[in-house]
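From just these sequences and the hints, can you work out the full model?
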Amino acid sequence: MDIFQDFPIMQDLSAFKPTFLVSQVLGALIVILVVIWGGQYNGGYTGPSEPKTWFNWHPVLMTLGFIIIQGDSILVYRVLRNEAKPRLKSIHALMHFATLILVSVGCKIAFDSHNLRSPPIPNLYSLHSWVGMGVIVAFGLQFLTGLACFLYPGVRKSLRSRFMPIHVFDGTMLFILSICAALMGISEKLVFNGGYQNGGPGPMMGNFIGILIVLFGIMVLFLLTKQSYKRIAPAEEQVLPLECSDDGSHHD
1 MDIFQDFPIM QDLSAFKPTF LVSQVLGALI VILVVIWGGQ YNGGYTGPSE PKTWFNWHPV
61 LMTLGFIIIQ GDSILVYRVL RNEAKPRLKS IHALMHFATL ILVSVGCKIA FDSHNLRSPP
121 IPNLYSLHSW VGMGVIVAFG LQFLTGLACF LYPGVRKSLR SRFMPIHVFD GTMLFILSIC
181 AALMGISEKL VFNGGYQNGG PGPMMGNFIG ILIVLFGIMV LFLLTKQSYK RIAPAEEQVL
241 PLECSDDGSH HD
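Numbering (full-length UniProt numbering), first residue to last: 1 to 252.
Keep in mind the hints are simulated off the structure, nothing from the lab. Note that beta-carbon positions come from the ideal geometry of N, C-alpha and C, so glycine has one too. Treat the hints with caution; some may be incorrect.
Claimed, not checked - Listed below are the simulated DSS-like cross-link pairs for lysine-lysine, each with C-alpha atoms no more than 30 Å apart in a straight line:
no.	residue 1	residue 2
1	Lys-226	Lys-52
2	Lys-52	Lys-108
3	Lys-108	Lys-89
Claimed, not checked - Derived DEER-like restraints, expressed as beta-carbon distance ranges:
no.	residue 1	residue 2	range
4	Ile-232	Ala-138	27 to 33 Å
5	Phe-169	Gly-199	35 to 41 Å
6	Glu-50	Gly-134	26 to 32 Å
7	Pro-120	Arg-87	44 to 50 Å
8	Gly-195	Arg-156	56 to 62 Å
9	Tyr-196	Thr-19	48 to 54 Å
10	Gly-195	Tyr-152	48 to 54 Å
11	Pro-120	Ser-90	40 to 46 Å
Here it is, written out as structure tokens:
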């Protein structure tokens, strides 16, 4: 049963697959355009010896991790609804682990690109950096508490059931805040490049990437929150010991 309602869920999956496929096309297009944007309009990709262009890996890794992989990870329980729940938990956790690795490297690159400049550029002064760091720290805590509560076999079912709505809400909000941070980062980069107000292909592509990220987020949240798309646990899962109920989430 869903945490927001007490009546039975009527499944209607007729539009689920095409909507999900469109979201994946959008996700692939976003990553491709971010790579092109950095390569063609922001100076290309180098190592840390060239801090200005070393930075261009930052939006690629953060977009791939926080937007695309995180977005898909919160849909795992609905996309792979016929898989056994232990397998779904493992896939969900692995995707979040991949996200954590990517954003950690992306964050390190951002710090390097500031610290290795001559003279160095200050860190953590912009709204983008404040929101971004907050999301990274909160995501790490969410990942660790999720592992402890849902993958550690000794946790009581009652505790998992109480924690599930918190885990779901936090995960959804982190995805939304990741999108907000990405949009702030795009705007910040465009302003720092100079000439934003004059338009041109670089600023236009940056704006277009931002719009696609918003559309991707809308589609993911639609798939995540539409009640008729909720995974209904088979009968054998409902009697497993030490297993948390599927109340109300992408973990269902």
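Hint check for Arg-156 and Gly-195 - Cβ pair distance inside 56 to 62 Å: At roughly 59 Å between Cβ atoms, Arg-156 and Gly-195 fall inside 56 to 62 Å, so the hint holds.
35 to 41 Å as the expected CB spacing between Gly-199 and Phe-169, which holds or is violated: holds (40 Å)
30 Å Cα cutoff - pair Lys-226, Lys-52: Distance of about 43 Å is beyond 30 Å: violated.
30 Å Cα cutoff - pair Lys-108, Lys-89: holds (29 Å)
C-beta pair Gly-195, Tyr-152: status relative to the range 48 to 54 Å that was hinted: 53 Å Cβ-Cβ, so the 48 to 54 Å window holds.
Hint check for Thr-19 and Tyr-196 - Cβ pair distance inside 48 to 54 Å: This hint is violated: roughly 34 Å between Cβ atoms.
Consistency of beta-carbon spacing, Arg-87 to Pro-120, with hint 44 to 50 Å: This hint holds: roughly 47 Å between Cβ atoms.
Holds or violated: Lys-52 to Lys-108, with C-alpha atoms at most 30 Å apart: holds (14 Å)
Outcome for the supplied range 26 to 32 Å, where the beta carbon pair is Glu-50 and Gly-134: Once the Cβ atoms are compared, 29 Å apart, the range 26 to 32 Å for Gly-134 and Glu-50 holds.
Distance restraint hint 40 to 46 Å, applied to the beta-carbon atoms of Pro-120 and Ser-90: For Ser-90 against Pro-120, whose Cβ atoms are near 42 Å apart, the range 40 to 46 Å holds.
Ile-232 paired with Ala-138, Cβ distance criterion 27 to 33 Å: Hint holds: Cβ distance 30 Å, inside 27 to 33 Å.
The earlier numbered hints that this structure contradicts are 1 and 9.
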